[in-house]
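Engineer: This is what each chain is made of:
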Amino acid sequence: MTASSLVLVPVFLPLVVGALSAVLSRRAAATLTVVAAAVTLVTAVLLGIAVLESGPVPLEVAGWAPPVGILLAADGLSVVMIGLSAVAVLAAALVAAADDHFAGGHAFWPLVGAAAAAVNGVFVARDVFTAFVLLELLTIASVALVALGGARSAAAALRYLFVAVTGSLFFLLAVALTYGHTGTVDLARAAERADDTVIVGAIIALTVVGMAAKTALFPLHSWLPVAHPAAPTAVSALLSALVIKASIVILWRVIEYLGPHTDIAAPLATVVGIAGAAAVLWGGILALRRDRLKSIIAYSTVAQVGYMVLLIPLVFAASDPQVAWVGGILITVAHGVAKAAMFLAAGALASAAGTSQLDGLEGTISRMPWTVAAIGLAGVSLAGLPPTLGFVGKWMLVQASLDAGAWWWLALLLGGGLLTFAYTARMVKATFNPPGDFSRARELTRPARTVTIVPLALAAVSVVLGVIPWLLIEVLSAAPMGGGA
Amino acid sequence: MVIVDIVVIVLLAVGVMFVVAGTVGLLRFPDLASRLHAVSKADVLGLGFIATALAIHILATEPGWAAVGVVAKLALIWILALIGTAANAHLMAGSRRRAEAERGTEA
Amino acid sequence: MTVVAFSDVDVLDILVVLAVAVTAVLAVVIPRRVSATIAFLVFGLLLALLWARVAAPDVAIAEAALGGGVAGALLVDALHRRQPDSPQRSRRRTATVTAVGAVLGAVTVAALVTVLSRLTAEPADLGPLALEAVERSGVSHPITAVLLNFRNLDTLLEIAVVVFAAVGAAALSRDRIRPVSDPGPVRRVIAVVIVPALVLLAGWLLVAGTSEPGGAFQAGAVLGAALIIAHLCGVHAARAEGRRALAIVVTGLVAFIMLGAIGLAATGTWLALDLDWAFAAILAIETLLTVSIGMALAMLFLAAGSRDEGSVTDARARAAAAGGAP
Amino acid sequence: MTTLQLFLYAGAFILVLGVVATMLVRDLIRRLIALNVASGGVMLLLLALADRGDGEPDPVPQALVLTGIVVMAAVTGIAIVLARRVERLDDDLEEVEP
Chain Z
1 MTASSLVLVP VFLPLVVGAL SAVLSRRAAA TLTVVAAAVT LVTAVLLGIA
51 VLESGPVPLE VAGWAPPVGI LLAADGLSVV MIGLSAVAVL AAALVAAADD
101 HFAGGHAFWP LVGAAAAAVN GVFVARDVFT AFVLLELLTI ASVALVALGG
151 ARSAAAALRY LFVAVTGSLF FLLAVALTYG HTGTVDLARA AERADDTVIV
201 GAIIALTVVG MAAKTALFPL HSWLPVAHPA APTAVSALLS ALVIKASIVI
251 LWRVIEYLGP HTDIAAPLAT VVGIAGAAAV LWGGILALRR DRLKSIIAYS
301 TVAQVGYMVL LIPLVFAASD PQVAWVGGIL ITVAHGVAKA AMFLAAGALA
351 SAAGTSQLDG LEGTISRMPW TVAAIGLAGV SLAGLPPTLG FVGKWMLVQA
401 SLDAGAWWWL ALLLGGGLLT FAYTARMVKA TFNPPGDFSR ARELTRPART
451 VTIVPLALAA VSVVLGVIPW LLIEVLSAAP MGGGA
Chain A
1 MVIVDIVVIV LLAVGVMFVV AGTVGLLRFP DLASRLHAVS KADVLGLGFI
51 ATALAIHILA TEPGWAAVGV VAKLALIWIL ALIGTAANAH LMAGSRRRAE
101 AERGTEA
Chain U
1 MTVVAFSDVD VLDILVVLAV AVTAVLAVVI PRRVSATIAF LVFGLLLALL
51 WARVAAPDVA IAEAALGGGV AGALLVDALH RRQPDSPQRS RRRTATVTAV
101 GAVLGAVTVA ALVTVLSRLT AEPADLGPLA LEAVERSGVS HPITAVLLNF
151 RNLDTLLEIA VVVFAAVGAA ALSRDRIRPV SDPGPVRRVI AVVIVPALVL
201 LAGWLLVAGT SEPGGAFQAG AVLGAALIIA HLCGVHAARA EGRRALAIVV
251 TGLVAFIMLG AIGLAATGTW LALDLDWAFA AILAIETLLT VSIGMALAML
301 FLAAGSRDEG SVTDARARAA AAGGAP
Chain V
1 MTTLQLFLYA GAFILVLGVV ATMLVRDLIR RLIALNVASG GVMLLLLALA
51 DRGDGEPDPV PQALVLTGIV VMAAVTGIAI VLARRVERLD DDLEEVEP
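Residue numbers (the working numbering), protein chains in the order written: chain Z, 1 to 485; chain A, 1 to 107; chain U, 1 to 326; chain V, 1 to 98.
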């Protein structure tokens with residue numbers, strides 16, 4: 001089997017496992033899901049090696065080249081994101097397998113398979129229509145996953161559905177314009193033929209709006225803090241760690257390929273940057289003012305989405321866009337790992353304490369120190385402090401903004417980090433005993449051992465990757481993004 | 001040819017008239033029973049006229065086995081519509097009667 | 001039919017487009033669910049006229065079967081339910097919001113029109129390329145060639161959308177339309193006459209799809225309708241629920257991927273079809289897909305459909321129980 | 001204005017109309033209808049673009065629209081299941097908490 005045929009493994013394997021999970025027993029479905037995630041991780045490593053050796057790995061599906069057929073390709077971004085998806089699915093599946101109440105029901109397993117296949121597909125897609133279908137598959141799966149959170153989550157799921165599908169329709173219009181203008185839906189070919197600055201600008205603008213809605217970029221974020229906490233814990237982790245990344249990656253791809261072909265891209269990028277800055281501040285401030293663990297973490301996601309789009313204006317302003325690309329991608333990966341850890345740990349705490357309210361958590365630290373430690377470490381990575389992957393990503397973005405002479409982004413990066421640190425500290429503090437009062441160290445329903453280990457392991461991953469980020473940076477630099485964007 | 005055309009046009013006009021009458025009944029009649037009455041009878045009859053008109057037209061303009069096939073399909077469409085409409089009307093009326101009976105016992 | 005040959009627009013086109021636009025407006029502004037749904041169904045029908053106008057009969061069939069058929073039936077069925085009272089909002093605020101929405105919408109439309117007016121009227125060169133490639137695809141109908149050969153990855157993913165929507169819907173709906181215990185003579189006639197006719201039609205659409213408009217999706221939608229009717233007429237052999245139905249639904253998807261893997265083994269490329277057996281392979285996939293899609297759509301409908309008579313009392317009992325144990 | 005432009009502009013209008021209504025309307029079923037209307041607009045646009053010129057229409061966008069129709073049917077199904085759960089919850093709450 002050649003490297004290029006590996007490109008579809010991260011798509012088809014979870015899809016088959018998901019389909020089979022619908023009819024298999026819970027135990028079999030869980031085992032298969034874990035195995036599939038592990039194999040996906042191995043595939044990501046193999047593809048990474050191939051990318052390091054010889055650059056992006058293309059695959060012409062069904063043997064038809066564009067424009068008639070569909071081209072997929074794995075580059076550094078694809079490989080790193082597939083790795084993230086494998087890790088996030090693995091973690092969520094382990095926790096869900098250990099305690100069914102974190103999964104929300106049997107349908108968790110097939111739907112997670114579908115969601116994993118869809119995000120992995122987005123990471124290798126180079127065809128805007130295929131990306132659209134993948135996004136719809138992801139939407140259906142995620143909406144149903146949210147609704148597994150019980151009767152009251154249905155309203156949140158429905159709201160999510162309306163926003164996500166509306167976003168998809170904007171993107172579909174962008175697809176139609178791409179076809180109408182360039183006669184193809186393959187991004188590379190479209191980039192070759194794009195010559196009308198207004199139409200290309202409109203394609204990018206529509207993609208920005210559509211993906212902003214699906215990613216919950218400020219000011220289109222209001223559905224996320226409702227939908228993500230309403231879901232079962234393992235689902236919340238996947239939604240924040242993984243699902244929103246799919247729409248971010250599509251936005252990046254469209255800008256990577258079409259951005260250089262329109263004069264409107266640079267001002268649009270600035271608008272996106274401003275929205276991102278607003279998201280960092282608004283999400284951070286609201287996270288500080290919430291009283292429920294999951295709600296705080298969801299607002300934290302709103303804030304972190306701001307960092308993920310910050311690379312877009314920097315790519316246009318910096319003299320070496322590669323630094324901004326790599327920094328932004330690393331921050332996104334760091335967020336995925338840390339947010340999965342945080343949601344899983346928070347779910348474990350809330351389930352042990354019987355409440356998600358901060359003031360009901362007093363004393364949990366003495367019973368579940370490792371879980372609280374996972375939240376703290378994840379918060380450190382989110383705040384961008386050493387020695388975590390979040391720090392590496394943020395450091396590169398800082399370099400890129402210095403390079404671009406844009407000190408205001410610098411101020412934002414640091415200010416946002418302070419906010420992150422503050423709400424993490426608030427969550428951790430809530431688990432301490434009140435001074436002098438040890439009566440609150442009550443009996444808790446101890447979670448299964450896996451539920452303690454997995455978030456801690458994820459937090460450890462962000463530290464390990466923070467200490468040795470060179471491999472990721474090598475893979476991401478093996479195939480430069482965007483050329484001269 | 002002209003006579004055939006006139007026949008076809010007359011049949012079409014009659015068919016359309018029945019369909020329109022049925023639709024007006026559907027919109028204007030006061031209750032479910034009379035609306036069903038209007039739609040199920042007039043529409044199927046109208047469709048029958050239209051199908052006959054089309055059958056005559058195809059037989060006259062392109063005679064041959066292909067035309068016979070088309071006529072058979074037209075007949076099939078009409079028969080299926082006949083069964084479907086009658087069954088639908090029956091089921092809807094039955095469902096309404098049961099619902100009313102249920103409401104009656106509750107009150 | 002050509003679209004660009006006229007510099008003047010056909011009056012008929014203008015009329016149909018106007019009618020489509022008017023029904024679209026009606027469908028979104030009418031406050032009553034019943035009327036809005038009817039307006040939407042008319043909108044769908046008129047849209048199908050336009051599909052015929054832009055030479056897309058496949059889309060017209062799919063729209064009739066899926067857009068008008070399945071989605072329409074679902075919406076009509078939802079009308080059974082009592083429309084909840086819309087939350088009280090001050091009339092002035094509603095008017096303000098609507099006005100802002102209208103202005104924003106008008107600006108967006110104006111911007112889009114500016115962009116769209118820059119599109120060339122020249123056809124894209126993709127069309128001839130794709131049509132030329134059809135000869136090497138194993139089937140003669142271009143759209144089937146695109147769906148099941150050139151861009152079969154999209155089709156596979158689209159099947160996945162339907163399959164997982166059915167899986168999700170089955171998991172989320174707590175009660176569904178129950179099969180009828182005593183069908184009665186009328187339902188029996190329907191089961192005996194209409195269901196086989198629909199199955200036959202589905203088979204015809206499937207086979208025809210290789211050379212003329214039709215195909216797995218249209219056939220699947222018709223088969224789905226047949227399954228729903230069979231379910232409602234008390235045919236127990238065709239029940240679209242439970243693990244067996246789920247197994248049928250996922251079989252098509254899994255088989256499609258397996259065939260893709262076979263292509264990988266045989267030709268070194270995922271989902272590749274060797275021309276020698278492309279026709280047989282396409283027909284085989286289509287058959288499996290039709291059954292899967294039909295079952296998935298039937299499951300989706302039965303999960304989303306309203307309760308039958310008698311369940312009103314269920315709801316009351318449940319509410320009473322909930323009230324009794326606060 | 002050419003016929004192509006007529007169809008394109010109509011598609012854009014219907015899309016925006018549907019999207020705006022999806023955002024403004026509160027009733028769940030009506031929102032769903034608005035979403036379906038919006039998708040009809042995009043499909044009109046794509047099909048009109050496929051049928052430019054005198055020759056046979058381009059089958060690729062037509063296949064894309066077919067895919068879009070199927071996807072919207074699935075979305076509609078899931079949305080109705082959810083809408084039912086939401087409204088039943090509301091009903092139950094009303095009856096329990098008078």
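Incorrect hints may have been included.
What the hints assert, rightly or not - Restraint-style ranges between C-beta atoms, simulated for each label pair:
| hint | chain 1 | residue 1 | chain 2 | residue 2 | range |
| --- | --- | --- | --- | --- | --- |
| 1 | A | MET92 | Z | ASP100 | 41 to 51 Å |
| 2 | U | PRO31 | A | ALA66 | 43 to 53 Å |
| 3 | Z | PHE432 | U | PRO31 | 48 to 58 Å |
| 4 | U | PRO31 | A | VAL24 | 33 to 43 Å |
| 5 | U | LEU200 | A | ASN88 | 41 to 51 Å |
| 6 | U | LEU200 | A | VAL4 | 31 to 41 Å |
| 7 | U | THR94 | Z | PHE432 | 19 to 29 Å |
| 8 | Z | PRO260 | A | ASN88 | 56 to 66 Å |
What the hints assert, rightly or not - With the C-beta cut set under 10 Å, the calculated list includes, among others, these residues of chain Z facing chain V:
| hint | residue |
| --- | --- |
| 9 | PRO267 |
| 10 | VAL271 |
| 11 | GLN322 |
Everything labelled a hint here was simulated from the structure, so no lab data went into it.
Fair warning: this is a prediction, and the values are worked out from it, not measured in the lab.
C-beta atoms are modelled at their ideal positions from N, C-alpha and C, and glycine is treated no differently.
Engineer: With reference to the structure, classify each hint as holding or not holding.
Structural biologist: Taking the hints in turn, this is what the structure says about them:
1. The hint said 41 to 51 Å for the Cβ distance between MET92 of chain A and ASP100 of chain Z, and at roughly 44 Å that hint holds.
2. Judged by the Cβ atoms, the range 43 to 53 Å given for PRO31 of chain U and ALA66 of chain A holds: they are separated by roughly 51 Å.
3. At roughly 54 Å, the beta-carbon separation of PHE432 of chain Z and PRO31 of chain U lies within the given 48 to 58 Å, and the hint holds.
4. For PRO31 of chain U and VAL24 of chain A, the Cβ-Cβ distance of about 25 Å falls outside the hinted range of 33 to 43 Å, so the restraint is violated.
5. Range check, LEU200 of chain U to ASN88 of chain A: Cβ separation about 20 Å, and the 41 to 51 Å hint is violated.
6. Hint check: LEU200 of chain U to VAL4 of chain A, Cβ distance near 32 Å, so the stated range 31 to 41 Å holds.
7. Roughly 48 Å separates the CB atoms of THR94 of chain U and PHE432 of chain Z, a value that falls outside the hinted 19 to 29 Å.
8. Between PRO260 of chain Z and ASN88 of chain A the Cβ separation comes to about 60 Å, which falls inside the hinted range of 56 to 66 Å.
9. Checking PRO267 of chain Z against chain V by beta carbon gives a least distance of about 23 Å; that is not within 10 Å, so the hint is violated.
10. Hint status for VAL271 of chain Z relative to chain V: violated, with the closest Cβ pair at about 20 Å, above 10 Å.
11. The beta carbon of GLN322 of chain Z comes no nearer than 34 Å to any beta carbon in chain V, farther than 10 Å, and the hint placing it at the interface is violated.
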